[in-house]
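S.K.: Below are the chains, spelled out letter by letter.
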Amino acid sequence: MTQQETPVRKVPVACTLNGQQTEFLAAPYQSLLEALREVVGLTGTKEGCNDGNCGACTVSLDGRIVDSCLVLAAEVDGKSVDTIEGMAPPHGLHPLQQAFLEEAALQCGICTPGFLVAARALLEREPHPDEHRIRLWLAGNLCRCTGYDKIVRAVQSAADKTT
Amino acid sequence: MATVFLSIPLRRYTDGESSAEVPGATLRALVRNLNERYPGIAESLVNPEDTDRLMPGLAAIVDGEPTNMGLLTPLDEHSEVHFIPAISGGAGRLGGSRCV
Amino acid sequence: MTTTADRPSQEFKVVGSRPIRHDGVDKVLGRAQYGADLKLPGLIHGAVLRSPYAHAVIKKVDVSRAEAAPGVFAAITGDDMPVTGSKVVDMVEEVTNLKWSSQRVMAHGKAVYRGHPVAAVAAVDQNTALEALKLIEVEYEPLQAVISLEDAMKPDAVIIHDDLVGDHLGEKVSPTNVAEHTRTEFGDPEAAFAEAAHVLERTYTIARAHQGYIEPHSSTAFWSPDDKLSVWTTTQAPFGVRSNVATVLKLPLSDVRVVPMEIGGGFGGKIGLYMEPLAAMLSRKSGRPVKMTMDRKSVFDATGPGPGGQVTAKIGVDKDGKILAATADIRYMAGAYPGSSISAATAGIFACYKVPNVRIDAYDVVINMSKTAAYRAPGTPQATFASESLISELCETIGMDPMEFHLLNAAEEGTRRPDGPVFPRIGNVACMEAIRDSEHFSSDLEKSPDGKLRGRGLATGYWNGGGNRSSVTISVNDDGVVSMVEGNPDIGGTRTTLAMQAAEVFGLPAHDVHPTVADTDSVGYNDLTAGSRTTYASGQAAIEAARQVVEEIKKRMAMIWETEPENVEFEDSVFRNKVAPDQRLTFKEAAGKLGQTGGPVSKTGTVNVRGSGGGSFAAHLVDVEVDPETGKVQILRYTAAQDAGKAVHPSYVEGQFQGGAAQGIGWALNEEYYTSPDGVMQNSSFLDYRMPTALDLPMIDAIVVEVPNTNHPFGVRGIGETSIVPPAPAVGNAIADAIGTRLYQTPMNPSRIMEALANKRNGKNGH
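Protein sequence lines, in the order shown, are assigned to chains A, P and G.
Just so you know, my numbering puts 130 at position 123 of the first sequence, and the rest follows in order with no gaps.
Just so you know, my numbering puts 42 at position 40 of the second sequence, and the rest follows in order with no gaps.
Just so you know, my numbering puts 807 at position 166 of the third sequence, and the rest follows in order with no gaps.
Treat each hint with caution, since some may be false.
Here chain G is said to cover these stretches of chain A; the calculated rule only asks that three of the stretch's residues, wherever they fall, bring their Cβ under 8 Å from a Cβ of chain G [as the list claims (entries may be wrong)]:
(1) 92-104
(2) 114-123
25 Å max Cα-Cα, derived DSS-like pairs, lysine-lysine [claimed, not checked]:
(3) Lys17/A x Lys680/G
(4) Lys775/G x Lys17/A
(5) Lys1405/G x Lys1273/G
(6) Lys1196/G x Lys1219/G
Here are the simulated distance ranges between beta carbons [stated by the list, open to error]:
(7) Asn25/A x Pro682/G: 56 to 62 Å
(8) Asn25/A x Leu894/G: 41 to 47 Å
(9) Glu1207/G x Glu51/P: 46 to 52 Å
No lab work stands behind these hints: they were computed from the structure.
Note that this is a predicted model, so its numbers are computed, not measured.
Built from N, CA and C at the ideal position, the CB exists for glycine as well.
Looking at chain A on its own, in the form it has when it is part of the complex (with noise of 0.2 Å):
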């Protein structure tokens, strides 16, 4: 229901997410942050500006990340989204959710999901980056908390450990 004259009719949108077929209904005007946060109940991805800006509502889509705010729902049909909600394997976590508990790479932990996702794009392209060029590729993620010290050490650790 809104104020326009005629109730807008939601979208069908079919994709895989977290590598299972999921199929929900969206708004024609609904970000995939929203469709996955209040549609799909998937709260992991987190808003943190709404505009593109903070990336703490990373996601990989088709294995690019995304800021999902900049992304319509209706635009993921038929592709493959992949949340923090996907990342650690059954009864365990990802190497880089283990480093970032063990290198104290959070604190808040607000930021935390969407950094989780960027990074291991990054290390599925590259396996060895260094500091620099971890710092460039994180750049599109805001952490007011740490000031990033222990957040690139922990994508370092994980790097190291995934050899």
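Chains P and G: place on chain A using the hints.
M.R.: For chains P and G alone, coordinates are given in the frame of chain A:
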């Protein structure tokens, strides 16, 4: 006798004196004795709505640390007392300003 | 890296180790529930209509069309807010006038900042609520906005609050925009300046800067028909929200239950009320739970950053560089209601030094921008930018090494702080020595290969922090694991630092203490997560609860061993009978015998901790590189040394040093409210409000100095805030070293650097 340091607003009552030696086993007794010497000064120190408490926005520093018992704080012979604007660990304060 | 100033008198097993935080797995899996993640049956969504004007009379608000729109459940305006009368309440952490508290969250008759809520609606979903806002009719009469110190303080200033009575050195003054003028004075600074070999006076301007937490505020409320109100909110102060909501909405305190959600950063900015009372009123009208989440623009426009302002500081030294006197004039813009952090600024500005003659005047000034809030060591980074820049320039002038100056003049045990109290044992000198002895300090600053200008800067900083009230309950499970219930929202690992302190008492691994942050109905009173107090003060409540548990189990063991409790000792997690040494049970074994010896053991430790034990000092050293073509500043190397007393979890202590340094670097180089003359912030997005990214910073070396705090059983100091104090002057001093001229204003952004370089070429200096 405790030593009380008097902040500038309080010196209106003390003819400009910046400190005083005042007896009192508790902060409340000290304020009572201070008020006898400098009539009216208690009005700036004690919460009129709850006379066990300091004026909102005011902190008493006794021997280097803020009190946690307000006017009931015990004092010893050599205590040093400051009444200063409260510093909160977080939020702002109104200090002496008022809204009418 | 950890340096210990003294050999510690205590040996620790758990404290000082680095376990994985208890809430870590939930947070890396994306399962932790932050404010906006809450789902409740029947939940509807609220949205706020905000004033487009910084200063305007609200002549009419009509919500009838919005209320009648399909999908809309309720709408409210200032007329719906119960409290409108004036009453000052002292909530320990915040002295508040209820009339202003109520008006701040919802305008009543007048909007006094851009973004001031004027009306709110609740609807079936977020989009419907936002659409409904467009149907609200508001008639404004814009007034001239007061957004600078100059305009606010001039004799014929436009007055923001007719009902404000200022306190100017004890005199009541009205009308005025200067809510408060305070002065602290020791000795005779004027006489001392007259005798000084060198005197330097400068004025510094510091920009208003936002805490920049990544999680926007989010609050959900359900007002039950029996007048019980539940509030789920992202706050540093659940008990503060409880009392503030209760008073603003005229409810009995205990009829309000506040559930603290996981909090995505606060830094002082999530203490006061914002949307909680609005969500509550909308819930009362609709009968539904109502969730309200701010957008980022509203966070910038309508929540509280740290105050900007101006500081004039003056210092006089003798021929050897010893400080004879210092004075300061601190003028902070509080925002639309009184209450910037002038008292903390007064305490902090010269706290690192012995200053025998001192006078500090401070002014709290209202302007037409959102009310400022606490921001990490509130008021102190701004004042310290002035004092530490001044001292660096003085050292330059008299040809003295800044390290030598600091060590010659450093405050130590017994030094009187400028606002009166005498320091106990503190780590000021130890931090400076840690920097002096660091590899960074002794390294040479290499020349830039491509003609850029490099410089090194040093600065110190202080934050006192607080103690206050905490309650922690510990219950022993049959398997010897204990559960621990606390009331401080965990912003940066405090579940673990509290659990570790309890574990230390029990001799158990950190993970055998299971911490939970509870709602206000489920744990005793706790003051807020702020003032660097949680690990320090609530940690003492955890220790107290653990010690009570041990004493109780000793009694139980005495029953079993048919002896007196005094004969039972507890060491290394083992209970022993002193008179029958073969009688011994580990904590875990003993835990299994509680049922038959009197039932469950559960104890609550409560504390009201006086002060902080002298606070935490820091010294920061930074190397910068300035591009003379563009004015861009790159941080090349950064070392932060700070006194932690005893680091409970060194990784999270280092994290606080590094995070505070990063925020301070942002304040130094980029962050500001860029505001139009009519009071509208022009850079209210993360793109334009330029916080440091990973690419802007190097690794930040953290040196954990440990000068034990005599106020804490393990020597712990509160450490969360000091780290934001030294960076701006350290960076400024490094820039001055690099470019040979000085900036007197934050942010020291490229355009100001280029201006300073041009002025230098033209033979002008910046002050």
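S.K.: For every hint, state whether the structure bears it out.
M.R.: Hint-by-hint comparison with the structure:
1. 92-104: Coverage by chain G holds for the segment 92-104 of chain A (5 residues, Cβ < 8 Å).
2. 114-123: As far as the segment 114-123 of chain A goes, the hint holds, because 8 residues have Cβ atoms under 8 Å from chain G.
3. Lys17/A x Lys680/G: Holds. Lys17/A to Lys680/G sits at ~22 Å (cutoff 25 Å).
4. Lys775/G x Lys17/A: holds, 23 Å
5. Lys1405/G x Lys1273/G: holds, 21 Å
6. Lys1196/G x Lys1219/G: holds, 14 Å
7. Asn25/A x Pro682/G: 56 to 62 Å: violated, 26 Å
8. Asn25/A x Leu894/G: 41 to 47 Å: holds, 45 Å
9. Glu1207/G x Glu51/P: 46 to 52 Å: Hint holds: Cβ distance 47 Å, inside 46 to 52 Å.
Checked against the numbered hints above, the structure violates only hint 7.
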